[in-house]
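> Just so you know, the sequences run in chain order A and B. For reference, each letter of the first sequence is one residue, going 666 to 976 in the numbering used here. For reference, each letter of the second sequence is one residue, going 659 to 890 in the numbering used here.
Just so you know, these hints were derived from the structure itself, not from any lab. A virtual CB, placed ideally from N, CA and C, is assigned to each residue, including glycine. Among these hints, one or two may not hold up.
Residues from chain A that face chain B, not an exhaustive set, calculated with beta carbons under 10 Å [claimed, not checked]:
no., residue
1, 800
2, 802
3, 908
4, 910
5, 921
6, 930
7, 970
With beta-carbon atoms standing in for the labels, derived distance ranges [as the list claims (entries may be wrong)]:
no., chain 1, residue 1, chain 2, residue 2, range
8, B, 760, A, 955, 33 to 43 Å
9, B, 696, A, 965, 19 to 29 Å
10, B, 692, A, 962, 23 to 33 Å
11, A, 812, B, 753, 39 to 49 Å
12, A, 909, B, 832, 19 to 29 Å
13, B, 890, A, 840, 51 to 61 Å
14, B, 696, A, 909, 53 to 63 Å
15, B, 699, A, 955, 18 to 28 Å
16, B, 717, A, 812, 48 to 58 Å
Stretches of chain A that chain B covers, calculated by requiring three or more beta carbons in the stretch to come under 8 Å of a beta carbon on chain B [stated by the list, open to error]:
no., stretch
17, 681-692
18, 697-705
19, 805-811
20, 939-946
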Amino acid sequence: MNSLLIHKAGIASSVQDTGRFGALSIGIPPSGAMDRPALMSGQHQLGHRNDEAAIEMAYADFAATLTEASDIVVTGAPVSLRINQRPVRPAGVHHIEAGQTLEIKATNQGVYSYLHLSGGIITALQLDSRSTSPREGIGGLDGGFLKDGDTLPVGACGKTTRPADPHVTIKHQRTVLALRFVAGFQFNDFADEAIKQLLAEEFVVTAKANRMGVTLSGVHLLSGITALYSEATCYGAIQVPPDGNPIILLNDRQTVGGYPKPGAVISSDCLRLAQSRPGQRVRFALCSPDEADRIGWLEQHYLETRLRDIH
Amino acid sequence: MDFELGPAGETALRLMFTETPQPALTRMLLEIENQAKQRFGRTLTDSVVGYTTLTLFFSASALERDRTEAWLREQVEGMTLTDIADHEPPEADVVLPVLYHPSVAPDLEWLADDRNLGIDDVISLHSDTVYFAYATGFAPGFCYLGSLAKALRTPRLSTPRAAVPAGAVAIADAQTAVYPCESPGGWRLIGACPELLFDLNSKPPSRLAVGATVRFEPVSESDFRALGGVIP
Numbered sequence: 666m667n668s669l670l671i672h673k674a675g676i677a678s679s680v681q682d683t684g685r686f687g688a689l690s691i692g693i694p695p696s697g698a699m700d701r702p703a704l705m706s707g708q709h710q711l712g713h714r715n716d717e718a719a720i721e722m723a724y725a726d727f728a729a730t731l732t733e734a735s736d737i738v739v740t741g742a743p744v745s746l747r748i749n750q751r752p753v754r755p756a757g758v759h760h761i762e763a764g765q766t767l768e769i770k771a772t773n774q775g776v777y778s779y780l781h782l783s784g785g786i787i788t789a790l791q792l793d794s795r796s797t798s799p800r801e802g803i804g805g806l807d808g809g810f811l812k813d814g815d816t817l818p819v820g821a822c823g824k825t826t827r828p829a830d831p832h833v834t835i836k837h838q839r840t841v842l843a844l845r846f847v848a849g850f851q852f853n854d855f856a857d858e859a860i861k862q863l864l865a866e867e868f869v870v871t872a873k874a875n876r877m878g879v880t881l882s883g884v885h886l887l888s889g890i891t892a893l894y895s896e897a898t899c900y901g902a903i904q905v906p907p908d909g910n911p912i913i914l915l916n917d918r919q920t921v922g923g924y925p926k927p928g929a930v931i932s933s934d935c936l937r938l939a940q941s942r943p944g945q946r947v948r949f950a951l952c953s954p955d956e957a958d959r960i961g962w963l964e965q966h967y968l969e970t971r972l973r974d975i976h
Numbered sequence: 659m660d661f662e663l664g665p666a667g668e669t670a671l672r673l674m675f676t677e678t679p680q681p682a683l684t685r686m687l688l689e690i691e692n693q694a695k696q697r698f699g700r701t702l703t704d705s706v707v708g709y710t711t712l713t714l715f716f717s718a719s720a721l722e723r724d725r726t727e728a729w730l731r732e733q734v735e736g737m738t739l740t741d742i743a744d745h746e747p748p749e750a751d752v753v754l755p756v757l758y759h760p761s762v763a764p765d766l767e768w769l770a771d772d773r774n775l776g777i778d779d780v781i782s783l784h785s786d787t788v789y790f791a792y793a794t795g796f797a798p799g800f801c802y803l804g805s806l807a808k809a810l811r812t813p814r815l816s817t818p819r820a821a822v823p824a825g826a827v828a829i830a831d832a833q834t835a836v837y838p839c840e841s842p843g844g845w846r847l848i849g850a851c852p853e854l855l856f857d858l859n860s861k862p863p864s865r866l867a868v869g870a871t872v873r874f875e876p877v878s879e880s881d882f883r884a885l886g887g888v889i890p
């Protein structure tokens with residue numbers, strides 16, 4: 666069987682597919698690729714059809730070799746790619762011979778990049794997914810982030826490859842990123858002043874950003890809400906803890922929480938937020954549930970049309 | 659009954675009752691969850707029952723918001739708390755053995771001193787109650803159990819411990835719980851349970867689920883070891 670020998674894993678690399686469903690009620694988050702369209706783009710280019718898992722790298726600084734020849738694709742945040750010390754253009758499918766060194770390094774844009782190998786990473790399925798949830802110790806390789814010296818099992822190299830897919834979630838990062846959100850949860854119970862500030866002020870992405878969520882700083886939002894019974898969180902939920910710095914909950918969020926939430930950011934803006942680096946300016950805007958449905962439908966349709974054959 | 663119904667993000671709906679948490683309310687939320695599972699099948703990807711809430715998650719683009727909201731409203735409007743039998747079970751669904759001893763419970767002596775109680779009093783106050791599972795979350799298999807005897811209620815540690823061992827029996831405010839796996843935690847630790855509460859290879863993976871009734875059974879050090887417990 667083909668294996669990927671990891672020489673340098675980088676700060677937060679993990680095995681991810683599109684994530685798991687149905688486990689929230691036992692306290693396990695969905696996890697899965699932070700930039701799902703980037704994951705699906707790579708699956709498409711390698712002719713994958715079964716949600717084959719890839720390696721997600723945050724601020725990629727990765728080096729590995731394969732024990733057998735295979736095809737690879739790198740998607741997501743732009744990287745520089747070297748095969749056997751030779752720089753190559755990162756876009757599209759590359760053939761790698763056994764023993765050739767693969768080096769992937771982040772550029773100055775975005776956060777999450779994906780290394781896809783033909784046949785996918787074939788660590789064991791847990792709850793129908795290979796996605797790693799590091800805090801719960803579930804999925805991926807022994808439930809954790811990848812380390813230098815790890816070896817990952819790789820599926821058999823497929824025959825189908827497709828032309829480079831030009832999709833990039835953040836092609837030109839905006840000066841101020843819009844975070845459209847659907848009002849919900851405690852929106853009506855928030856202090857009027859806090860809602861006014863949430864809608865009027867600019868916030869900045871802080872270094873406290875990871876697979877669980879992204880903490881913003883700016884004006885301190887005082888919700889005026891003191892006690893809440895724990896309830897389900899959701900993707901994009903805007904959580905406002907007592908310190909007043911909002912946290913946008915993402916893939917590895919805790920499944921329940923007791924902090925007040927004025928609503929949830931729509932998924933397409935969550936993807937761009939996940940790919941934003943500290944210092945990125947953001948601004949919130951209300952979005953009606955109907956508008957959120959329309960945007961969600963259009964983006965799903967766009968993705969499916971572009972990548973017609975998968976999923 | 660007063661309730662709120664609205665979106666929880668793009669693909670989820672949230673139902674919240676203004677009642678205080680109580681077993682009858684949880685059983686009602688479980689009943690509505692069950693009906694939703696039958697009604698929506700696979701388009702309902704996930705659901706979570708909280709203390710006073712039910713959140714239903716739908717697969718992206720499969721949520722017909724207006725129809726689903728109308729359906730939920732119809733279910734809820736036809737229900738009252740008195741429809742749900744709130745019988746106190748004579749015996750708990752789950753009985754968990756616990757070693758209450760300072761060697762595995764760093765806050766046990768502190769709690770007894772703080773309340774002017776003997777350790778035996780703390781043990782009987784904690785183990786005489788049949789608890790009800792109101793919610794799960796925080797960690798896989800972690801279950802919020804209520805209600806703790808008033809004499810034992812205590813706030814969380816101001817600085818959470820970096821590592822609470824698996825099996826730690828803990829209290830915070832009106833709740834008690836068992837940590838299913840090692841994790842950081844700010845609850846006070848008053849005992850240790852030798853049994854595995856979460857195992858992905860079991861079906862279901864979690865011993866405890868929302869709606870379960872739970873009692874703790876004090877055991878001796880030798881029984882604790884015989885059941886697989888480890889005293890550091």
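> Work down the list of hints and note, for each, if the structure agrees.
Here's how the hints hold up against the structure:
For residue 800(A), the interface hint holds, since its Cβ comes within 10 Å of a Cβ in chain B; the closest pair sits about 8 Å apart. Below 10 Å, beta-carbon pairs count as interface contacts, and residue 802(A) has one with chain B at about 7 Å; its hint therefore holds. At about 15 Å, the closest approach between the beta carbon of residue 908(A) and any beta carbon in chain B exceeds 10 Å, and the interface hint on this residue is violated. The restraint placing residue 910(A) at the interface with chain B is violated, with a minimum CB-CB distance near 19 Å, outside the 10 Å limit.
Using the Cβ-Cβ criterion of 10 Å, the hint placing residue 921(A) at the interface with chain B is satisfied: the shortest such distance is roughly 3 Å. About 8 Å separates the beta-carbon of residue 930(A) from the nearest beta-carbon of chain B, less than 10 Å, and the hint is met. At a threshold of 10 Å, the smallest CB-CB gap from residue 970(A) to chain B is about 14 Å, leaving the interface hint violated. For the pair residue 760(B) and residue 955(A), the beta carbons lie near 59 Å from each other, so the given range of 33 to 43 Å is not met.
For the hinted restraint 19 to 29 Å between residue 696(B) and residue 965(A), the CB-CB distance of approximately 26 Å keeps it satisfied. Taking the beta carbon of each, residue 692(B) and residue 962(A) are about 29 Å apart, inside 23 to 33 Å as hinted. For residue 812(A) and residue 753(B), the hinted distance range of 39 to 49 Å is satisfied, since their beta carbons lie about 41 Å from each other. As the Cβ distance of residue 909(A) to residue 832(B) is approximately 27 Å, the hint placing it in 19 to 29 Å holds.
In this structure the supplied range 51 to 61 Å holds for residue 890(B) paired with residue 840(A), their Cβ-Cβ distance being about 55 Å. At roughly 43 Å, the beta carbons of residue 696(B) and residue 909(A) sit outside the given window of 53 to 63 Å. For the hinted restraint 18 to 28 Å between residue 699(B) and residue 955(A), the CB-CB distance of approximately 24 Å keeps it satisfied. Hint check: residue 717(B) to residue 812(A), Cβ distance near 35 Å, so the stated range 48 to 58 Å is violated.
Evaluation of the coverage hint for the stretch 681-692 of chain A: fulfilled, as 7 residues show C-beta separations to chain B shorter than 8 Å, against a requirement of three. Interface restraint, the stretch 697-705 of chain A with chain B: violated (0 residues with C-beta to C-beta distance below 8 Å; minimum three). Counting residues of the stretch 805-811 of chain A whose CB lies closer than 8 Å to any CB of chain B gives 0, so the stated coverage by that chain is violated, three being the minimum. Counting residues of the stretch 939-946 of chain A whose C-beta sits closer than 8 Å to any C-beta of chain B gives 0, which falls short of three, so the coverage hint is violated.
In summary, the numbered hints that this structure violates are 3, 4, 7, 8, 14, 16, 18, 19, 20.
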